[in-house]
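Engineer: Read top to bottom, the protein sequences are chains L and D.
With my numbering as the guide, the letters of the first sequence map in order to residues 1 to 397.
With my numbering as the guide, the letters of the second sequence map in order to residues 1 to 612.
Simulated from the structure, these hints should not be mistaken for laboratory data.
No false leads were slipped in.
Calculated lysine-lysine pairs in the BS3-like style (CA-CA distance at most 30 Å, straight line):
no. : chain 1 : residue 1 : chain 2 : residue 2
1   : D       : Lys-423   : L       : Lys-99
2   : L       : Lys-99    : D       : Lys-536
3   : L       : Lys-99    : D       : Lys-341
4   : L       : Lys-221   : D       : Lys-148
5   : L       : Lys-67    : L       : Lys-221
6   : D       : Lys-341   : D       : Lys-536
7   : L       : Lys-175   : L       : Lys-221
8   : L       : Lys-284   : L       : Lys-174
9   : L       : Lys-174   : L       : Lys-143
10  : L       : Lys-143   : L       : Lys-175
11  : L       : Lys-143   : L       : Lys-67
12  : L       : Lys-52    : L       : Lys-143
Per the computed footprint, the stretches of chain D lying under chain L, defined by three or more beta-carbons under 8 Å from a beta-carbon of chain L, are:
no. : region
13  : 304-314
14  : 322-329
15  : 438-450
Here are a few chain D residues that sit away from chain L, every Cβ distance over 12 Å (derived from the structure):
no. : residue
16  : Ser-19
17  : Gly-34
18  : Ile-80
19  : Ser-190
20  : Leu-206
21  : Glu-221
22  : Gly-229
23  : Trp-297
Beta carbons are placed, not taken as given, at the ideal position from N, Cα and C, and that holds for glycine.
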Amino acid sequence: MGPPPLWRKGSLPMQSTSNSNRPSGRRSILKNRTVLFGLIAALFLFATGCSKEGQSTWEAFGPVAQKQLDLFNVLLWVMVATFFLVEGVLLYAVIRYRKRPGQPRPPQIHGNTTLEVVLTIIPTILVLALGIWSVFALFEIDKPPGDGPEPMHVNVTAHQWWFEFEYPDAGNGKKIITANDLKIPVDRPITLSLFSDDVIHSFWVPKLAGKLDMVPTHENKMWFQADSDKIDDDLPVTLFGTCAELCGLAHALMRFRVTVMEQTDFDSWAAAYGPPPTNTDKAKQGAQIFAANCTLCHTIDGPDDPALSASRLTGFLTGGDITPVPAPNLTDLRTRNTLAAGIVDLNETTLRQWLQNPEDVKPGNYMSERAVLYQNGSADLTDEEIDALIGYLLDLR
Amino acid sequence: MAAITGVISRPTSYAGVWSWLTTVDHKRIAVLYGATAIVFLIIAGVEAGVIRMQLASADNDLIGPGRFNQMFTMHATVMIFMVIMPLSVSFFNFVIPLAIGARDVAFPRLNALSYWIFLFGAILMHMAFLVDQVPDAGWFSYANLTEKPFSVNRGLDYWSISLLVLGSSSVAGALNFVVTIINMRAPGMSMMRMPVFVWMTLITSLLLVLAFPVITVGLIELTMDRNFGTHFFIPAEGGDPILWQHLFWVFGHPEVYILILPAMGIVSEVLPTFSGKPLFGYPFIIFSGIVIGIMGWAVWSHHMFTVGLGPVANSVFTITTMLIGVPTGIKIFNWIGTMWKGAVEFTSPMLFALGFVALFIVGGLSGVSHAVSPSDFQQQDTYYIVAHLHYVLFGGSIFGAFAGIYYWYPKLTGRMLSETLGKLNFWLMFIGMNLTFFPMHFLGLNGMPRRIYTYSAEFGWENMNQLASLGYIVLFLSFVVFFVNIWQTRNARRVSHDPWDAPGLEWSIASPPPAYNFAVIPQVEGLDQYWIDKQKARDAGTPLTEPEALVDPDSIHMPSPSYWPIFTAVGVALIGGGLLSHYAISFVGGAITMMGVIGWGNEPATAPSDHH
Chain L
1 MGPPPLWRKG SLPMQSTSNS NRPSGRRSIL KNRTVLFGLI AALFLFATGC
51 SKEGQSTWEA FGPVAQKQLD LFNVLLWVMV ATFFLVEGVL LYAVIRYRKR
101 PGQPRPPQIH GNTTLEVVLT IIPTILVLAL GIWSVFALFE IDKPPGDGPE
151 PMHVNVTAHQ WWFEFEYPDA GNGKKIITAN DLKIPVDRPI TLSLFSDDVI
201 HSFWVPKLAG KLDMVPTHEN KMWFQADSDK IDDDLPVTLF GTCAELCGLA
251 HALMRFRVTV MEQTDFDSWA AAYGPPPTNT DKAKQGAQIF AANCTLCHTI
301 DGPDDPALSA SRLTGFLTGG DITPVPAPNL TDLRTRNTLA AGIVDLNETT
351 LRQWLQNPED VKPGNYMSER AVLYQNGSAD LTDEEIDALI GYLLDLR
Chain D
1 MAAITGVISR PTSYAGVWSW LTTVDHKRIA VLYGATAIVF LIIAGVEAGV
51 IRMQLASADN DLIGPGRFNQ MFTMHATVMI FMVIMPLSVS FFNFVIPLAI
101 GARDVAFPRL NALSYWIFLF GAILMHMAFL VDQVPDAGWF SYANLTEKPF
151 SVNRGLDYWS ISLLVLGSSS VAGALNFVVT IINMRAPGMS MMRMPVFVWM
201 TLITSLLLVL AFPVITVGLI ELTMDRNFGT HFFIPAEGGD PILWQHLFWV
251 FGHPEVYILI LPAMGIVSEV LPTFSGKPLF GYPFIIFSGI VIGIMGWAVW
301 SHHMFTVGLG PVANSVFTIT TMLIGVPTGI KIFNWIGTMW KGAVEFTSPM
351 LFALGFVALF IVGGLSGVSH AVSPSDFQQQ DTYYIVAHLH YVLFGGSIFG
401 AFAGIYYWYP KLTGRMLSET LGKLNFWLMF IGMNLTFFPM HFLGLNGMPR
451 RIYTYSAEFG WENMNQLASL GYIVLFLSFV VFFVNIWQTR NARRVSHDPW
501 DAPGLEWSIA SPPPAYNFAV IPQVEGLDQY WIDKQKARDA GTPLTEPEAL
551 VDPDSIHMPS PSYWPIFTAV GVALIGGGLL SHYAISFVGG AITMMGVIGW
601 GNEPATAPSD HH
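Sequences and hints are given; from them, build the entire structure.
Structural biologist: Below, the structure is given as structure tokens:
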């Protein structure tokens with residue numbers, strides 16, 4: 001509890017606090033040092049706050065993200081300059097015109113029209129300039145430049161809570177459907193059509209381009225490109241992608257990866273796209289377990305049949321406890337980096353955890369909720385059966 | 001029906017619980033609104049605490065995704081509809097009649113009805129916790145996540161139906177203030193002599209009256225979709241989820257001005273008082289407020305830049321959003337101009353007002369950066385936006401409200417809040433606020449999306465999150481200091497009627513004001529009438545040191561208390577409650593509402609036996 005309140009009875013203005021008894025010259029020097037210190041501290045904080053780690057937007061690997069970053073960098077300096085100017089004037093006014101003991105009533109100024117007009121016109125010009133510049137940038141990044149390499153097209157469909165990637169033509173007319181791990185050739189524009197099969201999601205690869213929502217019954221189009229001269233590391237490099245719109249329980253765990261590779265590597269991946277071989281007894285056993293337990297929802301022998309996908313979706317949307325639901329195509333699982341929509345690295349250990357009890361890895365997923373295998377909690381399979389399944393899926397010899 | 005109303009005699013007591021339940025006095029209703037808002041502030045603060053604890057470390061599993069989604073949904077919904085809006089209405093109620101020289105609002109019983117509907121609506125939404133079916137789709141509740149089969153429990157029904165109840169309260173309250181301000185100003189108070197807070201209240205009320213019908217349409221459609229088999233927002237059935245976004249943001253963007261304009265009004269009262277100078281550029285502040293109120297309707301799609309409306313639509317909303325920065329900038333220049341060559345006193349209300357200006361500049365600048373839509377594609381739905389919105393709503397609305405509380409508390413109670421605790425409160429809140437929300441700019445730019453309950457360490461977001469969670473503790477302490485400060489005033493010294501040498505008419509009467517406010521309705525000759533009065537008295541050599549003398553309250557005709565507002569509000573709440581439990585209850589609620597309205601209509605504004 002503090003000392004008694006500091007006010008005086010009567011209609012006179014309140015006295016300021018005891019600090020204002022100090023000689024004013026000394027005080028303003030002190031204040032200036034404080035201001036300077038604050039400035040340095042702010043810049044230090046700023047320098048340490050920005051990072052290029054993970055999915056930071058401070059690093060651009062392609063022309064779209066680069067344009068967006070360039071815009072933001074200019075904006076940043078406009079903001080920083082305006083911040084120091086306006087806050088500086090505010091601070092100056094507050095310190096310079098603080099009430100001194102015995103000060104008479106200040107002059108009763110009501111305004112200054114010339115000043116108002118000037119201070120209206122300057123910011124209007126500034127924001128209009130920024131606005132017009134943004135409009136040009138908006139159209140510039142809307143479509144890939146016509147004179148570049150032939151773009152490759154990918155259809156992306158969002159599901160609760162994973163991404164499906166369909167290449168209508170991944171080279172030589174080959175159609176590929178994969179999930180959660182988008183492989184793209186470097187230095188080539190990638191045009192994307194975004195769809196959603198359930199709720200609204202948002203597709204975001206910060207280092208390649210800003211986000212665009214994935215809306216059921218709407219087709220949204222975007223493009224990006226990874227430039228080899230912007231990437232310092234040796235290819236292939238793997239970039240983070242994520243869903244950026246709240247889409248339900250596992251929204252935080254709906255991520256993906258973009259692997260940027262040389263065109264030749266991409267071509268050999270595309271050519272090898274196909275079901276894992278069943279040339280050993282163990283792999284045959286794995287394939288049987290897969291066929292018996294997984295194929296209501298998952299496909300492993302090439303692109304999904306569109307009619308089957310549609311029926312799974314209908315089953316999902318009409319509810320029920322155990323129904324076929326849309327699920328990732330597993331044809332090329334063995335070539336992917338991650339599992340469960342980009343939340344853990346893919347290896348034997350993580351795949352085992354996932355197969356034993358998916359709910360532990362990714363709370364809210366539909367596999368543990370709807371698959372017959374998990375109706376009593378963890379998987380209704382022996383360790384040996386799980387081994388065989390892992391061996392088959394990952395093509396272990 | 002008339003017979004029924006004849007049976008119930010009018011409430012007569014002016015003290016005790018019944019007097020609060022039946023009051024139509026705008027000052028008492030202000031206290032009810034304010035106290036209720038503070039209770040919900042504590043609830044929303046606890047929800048924020050849970051969020052900050054969960055995010056304090058990477059891969060944390062304190063709470064799961066389901067609970068986390070409920071926490072941020074309720075935190076935002078409560079802060080917007082049950083804290084900031086009622087706090088503003090509390091100020092409208094207390095200040096407006098006093099500031100325009102009136103004895104009450106235009107419709108005192110409607111005013112009471114607004115409060116009771118608000119209270120019951122807010123309680124209705126919190127019933128969701130009792131059945132553990134809590135809204136969890138965000139305060140924006142984007143369709144079709146809110147539709148079956150994606151949202152199967154009744155959480156979203158609690159959300160939409162309670163908001164419909166709350167909305168009816170807001171519209172009734174706003175209409176009341178529009179009518180009050182237009183019709184009940186003291187003689188001589190032309191529109192351009194109204195205090196800025198009155199102006200901002202008028203603009204806010206007009207926005208409320210126009211914006212709430214839009215969200216009401218959306219909420220009714222959502223409720224119909226969820227309960228009665230319509231398909232407004234269900235894509236599989238031919239509906240369109242984007243329609244919801246347009247309806248929501250056509251309401252939602254004016255709503256953010258509904259949240260900030262009252263705070264701007266408060267600051268425009270506090271800054272001149274403690275600079276000893278009239279407001280600089282009064283007409284520019286007013287017109288910029290009007291321009292914001294109009295342009296606020298033309299920028300809603302900047303919340304939807306990433307929806308895929310295409311570059312043409314995004315260009316239009318980029319330009320309009322850019323331009324709305326200008327009137328806001330004008331206000332800031334004029335606030336600084338008010339202090340220029342003034343005599344600035346660092347009292348608690350002034351510190352909060354200065355904090356408002358300093359923090360609003362930050363929020364305004366980051367706001368301009370989102371207006372640049374191509375760059376916003378990287379920032380939309382990241383913590384950069386969370387930082388921005390808290391700088392304008394916490395740094396703006398909450399700091400403005402605290403400036404108002406510290407400023408008008410002595411008028412409301414006749415007792416002063418401690419200046420020492422007030423300053424401690426300010427500095428803790430200012431430091432805590434920056435510590436919590438400034439790092440979020442970095443988090444957003446470093447790629448952290450909003451509304452994720454967990455993040456893995458590989459993204460490098462942990463340090464900044466720890467800083468933000470630390471800031472929460474400082475903020476928590478600042479609110480503790482505030483409550484201690486309020487508590488200690490129960491035995492604080494009584495204060496004069498005009499402790500701040502303020503310009504407004506409300507300071508010319510006793511503290512706390514008598515029930516009738518003004519014994520003699522004042523004559524207004526210009527802006528800042530009480531400064532004019534005091535200057536005249538000083539010139540005449542007889543300084544004004546006493547408030548207007550008290551008179552016998554029975555000599556002034558005031559509206560009598562009434563049972564009907566709370567009775568009718570119970571009916572309205574039961575209509576909503578029935579939709580959430582058993583439809584039969586809705587019919588009972590409807591009958592009670594009808595009875596209340598008829599009884600109300602038959603009740604004379606003042607009981608014949610009442611001399612008050």
